[in-house]
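*Asks:* Sequence:
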Amino acid sequence: MELIFLIIFFGAIVLDLTMGELPVNIHPVVWMGKLISYLKTFLIKINSKFSGFILTMLLLILFIVPLILLLKILSFNLIIYIFFSLVILSTTFSIKFLISSIQDIKKDLKCNLEIARQSMSFLVSRDTKSLKKEEIVSAAIETLSENITDSVVAPLFYSVLFGIPGAFIYRIINTLDAMVGYKDEENYLIGYFPAKVDDILNYIPARFTGIILVVSSLILGFNWKNSWKVMIKDAGNTPSPNSGYTMAAVAGALEVSLIKPGVYKLGSPQRDLNPETINDAIKLTKLTIIISIILLIVLQLILLILVFNKAFI
Numbered sequence: 426m427e428l429i430f431l432i433i434f435f436g437a438i439v440l441d442l443t444m445g446e447l448p449v450n451i452h453p454v455v456w457m458g459k460l461i462s463y464l465k466t467f468l469i470k471i472n473s474k475f476s477g478f479i480l481t482m483l484l485l486i487l488f489i490v491p492l493i494l495l496l497k498i499l500s501f502n503l504i505i506y507i508f509f510s511l512v513i514l515s516t517t518f519s520i521k522f523l524i525s526s527i528q529d530i531k532k533d534l535k536c537n538l539e540i541a542r543q544s545m546s547f548l549v550s551r552d553t554k555s556l557k558k559e560e561i562v563s564a565a566i567e568t569l570s571e572n573i574t575d576s577v578v579a580p581l582f583y584s585v586l587f588g589i590p591g592a593f594i595y596r597i598i599n600t601l602d603a604m605v606g607y608k609d610e611e612n613y614l615i616g617y618f619p620a621k622v623d624d625i626l627n628y629i630p631a632r633f634t635g636i637i638l639v640v641s642s643l644i645l646g647f648n649w650k651n652s653w654k655v656m657i658k659d660a661g662n663t664p665s666p667n668s669g670y671t672m673a674a675v676a677g678a679l680e681v682s683l684i685k686p687g688v689y690k691l692g693s694p695q696r697d698l699n700p701e702t703i704n705d706a707i708k709l710t711k712l713t714i715i716i717s718i719i720l721l722i723v724l725q726l727i728l729l730i731l732v733f734n735k736a737f738i
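For the sequence shown, our numbering gives the first residue as 426, with consecutive numbering after it.
No lab work stands behind these hints, which were simulated from the structure alone. Values in this document were obtained by computation on a predicted structure and should not be read as measured data. Check each hint, because a few of them may be wrong.
Said to hold, decoys possible - Only pairs whose alpha carbons sit at most 25 Å apart, straight line, appear in this in silico DSS-like list of lysine-lysine:
1) K690 <-> K558
2) K708 <-> K650
3) K621 <-> K459
4) K554 <-> K532
5) K690 <-> K557
6) K497 <-> K532
7) K711 <-> K521
8) K608 <-> K474
9) K708 <-> K690
Unchecked claim - DEER-style ranges, computed between Cβ atoms:
10) I451 <-> I730: 18 to 24 Å
11) T443 <-> I657: 36 to 42 Å
12) L431 <-> Y628: 23 to 29 Å
13) K711 <-> F547: 20 to 26 Å
14) Q528 <-> F733: 41 to 47 Å
For glycine and all other residues, C-beta sits at the position ideal for the given N, C-alpha and C.
All chains should be built: construct the whole structure from the sequences, respecting the hints.
*Replies:* Structure, rendered in structure tokens:
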């Protein structure tokens, strides 16, 4: 079964890189978002942190139970099982969309600042209407570096450990955190539980990715020593206990300062932020993803060897 999963793992990555996202009307994560919005209107009335626990459990039951049953049914036909599995797994991570959306921001910055602000507003929660060019560059790099973990490494990490359901569970929790995991008056109670679970699930992937970013900095000739230094020094500056690791590592590698006004500052500026800085961040991201995938495949092969050894004992 582990060998079959390797095929699924490779296939899902190839599918994402070549085809990108599924159409909105059949994308499971879009369904999650709609269901979260619907259930929130009822559960928020409970006015308790328990509402977030209920919301999380409902999402897990409504998605994971049918998924496991469907995988079990389809396992009787190997070809259909592999095809369905790789399509489903590909919806839990996003490499092509992540990189292309940041590349689009760079193109917009060169053409029209107002269009760049509008494009950025779809990717971040902050108000982008009055952002300067360097602030948009900072926001783009922050988004890119944070999502190396959230959108790529973490779901693939959990897929290797726990199969497709593991990746799907991560995606559910992360989507919940993205939609209700805020500390404002409306979301604090209902978002408390999913936000804490998301923190736990991202603990290892975020630190793993931060270290890989430092290694990638060394390979690409960026300032890897500064990357390590800033990651260790500034990772705790962000409200999230995890996102600071990748953002600080990138800030240090590129010798820039990434700032969300009134929230955090990562790194000390030795270079100006400009659209070309985004190019460097993308190069760093691509190599980090490649190395992470290779290491996850190695982990899967180790698990495969352990299973074979156990079978012959």
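*Asks:* So does I451 sit 18 to 24 Å from I730, Cβ to Cβ?
*Replies:* Violated, since I451 and I730 (Cβ atoms, about 37 Å apart) do not stay within the stated range.
*Asks:* Against the 25 Å threshold, does the CA-CA distance of K690 and K557 hold or violate the hint?
*Replies:* 17 Å, holds
*Asks:* Sort out whether K558 lies within 25 Å of K690, counting only the CA atoms.
*Replies:* The hint holds at about 17 Å.
*Asks:* For the pair supplied as a hint, K711 and K521, is the alpha-carbon distance within the 25 Å limit?
*Replies:* 10 Å, holds
*Asks:* So if I understand the rule, the pair passes when the alpha-carbon distance is 25 Å or less; does K608 with K474 pass?
*Replies:* 12 Å, holds
*Asks:* Taken at face value, is the distance from the CA of K532 to the CA of K497 at most 25 Å?
*Replies:* Given that 25 Å is the threshold and the Cα spacing comes to 45 Å, the pair is violated.
*Asks:* Could one say that the CB atoms of T443 and I657 fall in the range 36 to 42 Å?
*Replies:* Between T443 and I657, where Cβ atoms are some 38 Å apart, the hint holds.
*Asks:* When you check the alpha-carbon spacing of K708 and K690, does it fall within 25 Å?
*Replies:* Holds - the C-alpha atoms of K690 and K708 are around 23 Å apart, at most 25 Å.
*Asks:* When you check the alpha-carbon spacing of K708 and K650, does it fall within 25 Å?
*Replies:* 18 Å, holds
*Asks:* Take the C-alpha atoms of K554 and K532, compute the straight-line distance between them, and say whether it is at most 25 Å.
*Replies:* 18 Å, holds
*Asks:* Could you say whether the range 41 to 47 Å given as a hint is met by the Cβ separation of Q528 and F733?
*Replies:* 42 Å, holds
*Asks:* Could you say whether the range 20 to 26 Å given as a hint is met by the Cβ separation of K711 and F547?
*Replies:* With a Cβ separation near 22 Å, K711 and F547 satisfy 20 to 26 Å, so the hint holds.
The structure shown violates the earlier hints numbered 6, 10.
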